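These protein sequence lines are chains L and Y, in that order. Numbered according to the numbering used here, the first sequence spans residues 1 to 108. Numbered according to the numbering used here, the second sequence spans residues 1 to 113.
Read the hints as simulated data drawn from the structure, not as lab findings. Check each hint, because a few of them may be wrong.
What the hints assert, rightly or not - FRET-style restraints, in silico, Cβ to Cβ:
1) L/G41 with Y/G72: 27 to 33 Å
2) Y/T111 with L/S8: 24 to 30 Å
3) L/T103 with Y/K71: 37 to 43 Å
4) Y/L84 with L/E15: 37 to 43 Å
5) Y/K16 with L/P14: 49 to 55 Å
6) Y/L84 with L/K107: 36 to 42 Å
7) L/Q70 with Y/P61: 26 to 32 Å
8) L/A68 with Y/Q17: 46 to 52 Å
9) Y/Q17 with L/T103: 46 to 52 Å
10) Y/K15 with L/A68: 22 to 28 Å
11) L/P14 with Y/S7: 39 to 45 Å
12) L/N66 with Y/T111: 40 to 46 Å
What you are looking at is a predicted structure, and each value in this text was computed from that prediction instead of being measured. In this text, a Cβ means the ideal position worked out from N, Cα and C, and glycines have one as well.
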Amino acid sequence: QKEVEQNSGPLSVPEGAIASLNCTYSDRGSQSFFWYRQYSGKSPELIMSIYSNGDKEDGRFTAQLNKASQYVSLLIRDSQPSDSATYLCAVYAGKSTFGDGTTLTVKP
Amino acid sequence: EAGVVQSPRYKIIEKKQPVAFWCNPISGHNTLYWYLQNLGQGPELLIRYENEEAVDDSQLPKDRFSAERLKGVDSTLKIQPAELGDSAVYLCASSPTSGTEAFFGQGTRLTVV
Numbered sequence: 001q002k003e004v005e006q007n008s009g010p011l012s013v014p015e016g017a018i019a020s021l022n023c024t025y026s027d028r029g030s031q032s033f034f035w036y037r038q039y040s041g042k043s044p045e046l047i048m049s050i051y052s053n054g055d056k057e058d059g060r061f062t063a064q065l066n067k068a069s070q071y072v073s074l075l076i077r078d079s080q081p082s083d084s085a086t087y088l089c090a091v092y093a094g095k096s097t098f099g100d101g102t103t104l105t106v107k108p
Numbered sequence: 001e002a003g004v005v006q007s008p009r010y011k012i013i014e015k016k017q018p019v020a021f022w023c024n025p026i027s028g029h030n031t032l033y034w035y036l037q038n039l040g041q042g043p044e045l046l047i048r049y050e051n052e053e054a055v056d057d058s059q060l061p062k063d064r065f066s067a068e069r070l071k072g073v074d075s076t077l078k079i080q081p082a083e084l085g086d087s088a089v090y091l092c093a094s095s096p097t098s099g100t101e102a103f104f105g106q107g108t109r110l111t112v113v
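Excised from the complex, chain L in its bound form:
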């Protein structure tokens, strides 16, 4: 079992819809959680960080953390074609571990 697992894609949603990306982690001592966006051929770009249980909103993005369930998610509201990318979940538990990403396609 991988330390950080993301739902296998690809995920396709129509423009304007809500995209939901999920991530589970195995280390209960994990302290910090991050979502990165990676366009094809580019390096990862930080979107959101979350450190405590609950929701954190930033514009169209909402990160949700549930430490009891070892689960972190990213919701993208009003999805746009420019949101089409691979989304990487990263978890810090003394070291940073990334999932393999979920590829999102937003169709006009």
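Assemble the complex: chain L is given as a structure, and chain Y must be docked to it using the hints.
Here is chain Y on its own, set in the frame of chain L:
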């Protein structure tokens, strides 16, 4: 504020040759990471520095890979000799401290032929 700068962007070398990558982190960031990313996979940590000290190098293949971070700022990652399986994107990232947001450089795409 300048971001993380890496060079070169691309490198093609023959197997068994040496290669080096350079990284300049964001000013004031104490933590520096080197990651390796294969196509379709997430970044995998090679080494993490806190200032000039390598605090996690457990995933660094020490028989052929080496790294240094002189004066706790710039860092160099070296491979000698390179193997075909080393073809990947090498990413450098920095953060203010461990466990906080990390920012990535543009990466170096290495092709070993």
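(message) I want to verify a distance hint. Is the separation of the beta carbons of Y/Q17 and L/T103 within 46 to 52 Å?
(response) 34 Å, violated
(message) I want to verify a distance hint. Is the separation of the beta carbons of L/G41 and Y/G72 within 27 to 33 Å?
(response) Given a distance of about 31 Å, which is inside 27 to 33 Å, the answer is holds.
(message) Quick check: does the Cβ-Cβ distance between L/T103 and Y/K71 fall within 37 to 43 Å?
(response) Distance hint for L/T103, Y/K71 holds at roughly 40 Å.
(request) Could you see if the CB distance from Y/L84 to L/K107 stays within 36 to 42 Å? (result) Given range 36 to 42 Å: holds, Cβ gap about 38 Å.
(request) With 49 to 55 Å as the target window, see if Y/K16 and L/P14 comply at their CB atoms. (result) Check passed, 51 Å falls within 49 to 55 Å.
(request) With 26 to 32 Å as the target window, see if L/Q70 and Y/P61 comply at their CB atoms. (result) Holds, since L/Q70 and Y/P61 (Cβ atoms, about 30 Å apart) stay within the stated range.
(request) Check the following: the C-beta atoms of L/P14 and Y/S7 are separated by a distance inside 39 to 45 Å. (result) 41 Å, holds
(message) Against the range 22 to 28 Å, how does the distance between the Cβ atoms of Y/K15 and L/A68 compare: consistent or not?
(response) Taking Cβ atoms as reference, Y/K15 and L/A68 lie about 49 Å apart, which means the hint is violated.
(request) Using the Cβ atoms, figure out if Y/L84 sits within 37 to 43 Å of L/E15. (result) 42 Å, holds
(request) Determine whether the Cβ-Cβ distance between L/A68 and Y/Q17 falls within the hinted range of 46 to 52 Å. (result) 51 Å, holds
(request) Take a look at whether the Cβ-Cβ distance between L/N66 and Y/T111 falls inside 40 to 46 Å. (result) The hint (40 to 46 Å, Cβ to Cβ) holds, given that L/N66 and Y/T111 are roughly 42 Å apart.
(request) Indicate whether the distance between the beta carbons of Y/T111 and L/S8 respects the range 24 to 30 Å. (result) The hinted range 24 to 30 Å holds for Y/T111 and L/S8, with Cβ atoms some 28 Å apart.
Violated hints for the displayed structure, listed by number in ascending order: 9 and 10.
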